[in-house]
Amino acid sequence: MKLLSALRREGVLGINRRNHEFTLRWNPRRLYPTVDDKLATKKLCQAAGIPIPGLIAVARRQVEVREMIGQLADLSQFVLKPAHGAMGNGILVVRAREGDAWRRAGGKRLTPEDLRYHAASIISGLYALGGQPDVAFVEELLEVHPQLAEISSDGVPDVRVIVHRGIPIMSMTRLPTHRSRGRANLHQGAIGAGVDLATGRILHAVLDGAPITRHPDNDRPVLGVVVPSFPRVLEIAVAATDQTGLGYVGADVVVDARKGPVVLELNARPGLAIQAANRAGLLPRLRAVSERIRPEATLAERIALGIEISRTARSMEPA
Amino acid sequence: MNRTAGLVGLLLVLIGLALFLWKAVVLELPLVATDAEGLWRIELEITARGTGRRGSIRAPLPSTGRGQVVFDERSASDRLLFTIRTEDGDRIGVWSGRLAGVHQVVHGFRVQLAEVTTPLPSRITRLPSRELLARWAGPSREFPSDAAEVKAFLAGLWPTVPENPLDCLRTLFGFVADEISTVPSGSDDALLTLSAREGSAVGKSRLLVTVLRAVGLPARSVLGLQLVEGQPPFTTQWVEAWVDGDWIPMSPIDGFFATRAANLVALRTGSLAEVETTAVAAVGHRYHALRERLRPEELAAMMIPTSPWLASFSLYQLPVSTQAALRVLLLMPLGALVIALFRNGFGVSTFGTFMPVLIALALRQVALAAGLMLVAAVLLLGILGRLVLERMHLLLVPRLGVLLCAVVLSVTSFALLGREAEVRELSVGVLFPMVILTMLIERFSVTLAEEGLRPALVRAGWSVVVAVAVYPIFHSEIAEHLMFGFPELVIVVMGLLIWIGGYTGYRFSDLIRFRAFAKPGGGAAS
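So the protein sequences, as listed, match chains A and B. Per my numbering, numbering through the first sequence is continuous, rising by one, with the last residue being 319. Per my numbering, numbering through the second sequence is continuous, rising by one, with the last residue being 526.
Just so you know, the hints here were simulated from the structure itself, not pulled from any lab data. Just so it is clear, the structure is predicted and the values come from calculations on it, not from any experiment. Idealized CB from N, CA, C, for every residue including glycine. Heads up, a few of these hints could be off.
Here are the simulated distance ranges between beta carbons [said to hold, decoys possible]:
id: 1; chain 1: B; residue 1: Leu14; chain 2: A; residue 2: Pro28; range: 26 to 36 Å
id: 2; chain 1: A; residue 1: Leu24; chain 2: B; residue 2: Ser75; range: 52 to 62 Å
id: 3; chain 1: B; residue 1: Leu453; chain 2: A; residue 2: Arg103; range: 44 to 54 Å
id: 4; chain 1: A; residue 1: Met1; chain 2: B; residue 2: Thr322; range: 48 to 58 Å
Could you put the whole structure together from the sequences, leaning on the hints where they help?
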């Protein structure tokens, strides 16, 4: 009961309410394909001049698999992905080359045949949300930004921004650990770290739902670290969301060591763990958006409004 | 909750409840099944392909008599004329007309059965009348009581036939029941059965009637139905002998004497013929039976409520096989309700949304623990098979196909094993939706590979928990009677589901996920 009243006071959004009042209301079903299909999202972003990870090869049918894997002959680093995957399932990260074969993140050896099998599984729909035929694609492997390298193990952290009706209201970065096997997935043991919208600074962090202050693998402090180029992260997250027409989106951005912030994917049913990472509820901010939104506001004005909303919400929180 | 959902839900709940209460309070329909003992609804279904000429289909119809009251008979046939004839005291249904193409005849009735006990008299006070002797004690082709073999047999048994007919009866019954073995492939003929000292069930019954008639006791064979709950009924036959004014039932096969159990319906006494036809190229027939849970007068109220338009909606008027299917079908909304509560109230995730309902449904016929063990065994075999398949790098659909074959094979072998070990639970696998078991194996394996053993086991565990929670619904006679007798309750369930669908509060899983919010402070460094 104490927990229930604490959740109500903080305005924590539950799954039922998220579905009712936000995803079902603001995300029309017909617009889902553009975000559920990562290739469609890429195309959309590319057309709008929003930076994305480079696309290397695509296989839409089983007969195209051999050709796609053939195109990888000269590469030593890449990522093989399903276009309709969920929760990071079906993603194969290749780190190094070894003669005719490769080595994946985590050390396992991969022959071209292994890659062909994985691509064929993707196309037959094994990792797709509804099991429908899928598309496999290969994109360039992103590199961890040096400023974040110390607090992420074996993988690349991403930044999730919740954008409601064009206004960014909350953000977190997901830091991979040994236990999450390099994946930025909180269910599998990655750290969720709440990022202040105004400064890009990590204010709070959780591991398995419990607050932490240091990275479990190397004991370096996580709190206080600043996400590099954070204003640009917000800018491209909001710009990409604008392209979709959706009103409640989680935009995933990676700050690449060479290219800077790139949009990785968009999510029409963003999870709620971001609230635990920020130790703050989404509801007050979502309500503030509907009170203060102005339809004619420019992108910069909307970001400024989001920062202000989050700052007000934070200062209202009980100490 | 949003207002529209609240109102629509309320409206549906009110409509459903109003109908329900009107039927229950104003029409006084019974709310709880009183479990009438021995009341059955039986249907005979005959399918015949005619030759195009005039002809008839004849089938024995049961009469009201000792141990059975037949009522509520109804007959349906297309293009055929239905009459009932009485032949030697048996009622015979005759459907006649030009038999062209396929004809279907359905004859249904309800029967109230009771155990028949005939205490054997200590002294004989009445002797059979002349007509009785002429009708039931004479030799016939079926019962050759005047044959030389029979006379020789009796002479070997007794120097002179005993005076007391009860002694004759006991000795002859004992002989046929104990000295003649029952062999399914044995002869149907009385004399062959006697000489071989073995015969079929029919052969033994005929032999008993024959030897009883040979000592001057009126005797006859009875064609009947044996009813077993939850299984289709099968035809059987027994023998009746007339002693001191009573027909005494006995069976040299099932071993009853002077007592007839309450699960037997007598169809005809004159002969053992079932369905007979003329001008028919091919014919098949089967009996369906359903145990009724209501007393006859309650049943009448359910079938023909005082309100005429309601009467036409009564599900109790449907054919037996449809009724049996609907009884299960109408429980499904309750299963959906439980699933919705678990998913939107607790926030548990299971393999497949309605999979636990289907598992619970399949477990209807057996004990829960045994059924779940069987599912677990099939799944385990499947998952092991999946691991082997993994190495071959097969494409998805053929791989699922191979898994489906493996599931069907393992269910089949469990059924065989169950027959050998005489464990009925093992054969329940055939009731399972195979495709769903296959998908379950695939999903479990993928979850195992993608997210690890723990999430896979947690999800499997929740699937079991939800199936166990749904199971009592499918086993509850109260629920079955309520939903079947008052199908308007489905509207109430719809209303409740709309309410659940409009619930925007926290799920139990939200509370667990955000439990850190209960502790003050935390690490917010702002």
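Okay, the hints, checked on the actual structure:
For the hinted restraint 26 to 36 Å between Leu14 (chain B) and Pro28 (chain A), the CB-CB distance of approximately 32 Å keeps it satisfied. For Leu24 (chain A) paired with Ser75 (chain B), a C-beta distance near 54 Å keeps the hint of 52 to 62 Å intact. The hint said 44 to 54 Å for the Cβ distance between Leu453 (chain B) and Arg103 (chain A), and at roughly 25 Å that hint is violated. For the pair Met1 (chain A) and Thr322 (chain B), the supplied restraint of 48 to 58 Å holds, since their beta-carbon distance comes to about 50 Å.
The earlier numbered hint that this structure contradicts is number 3, and it is the only one.
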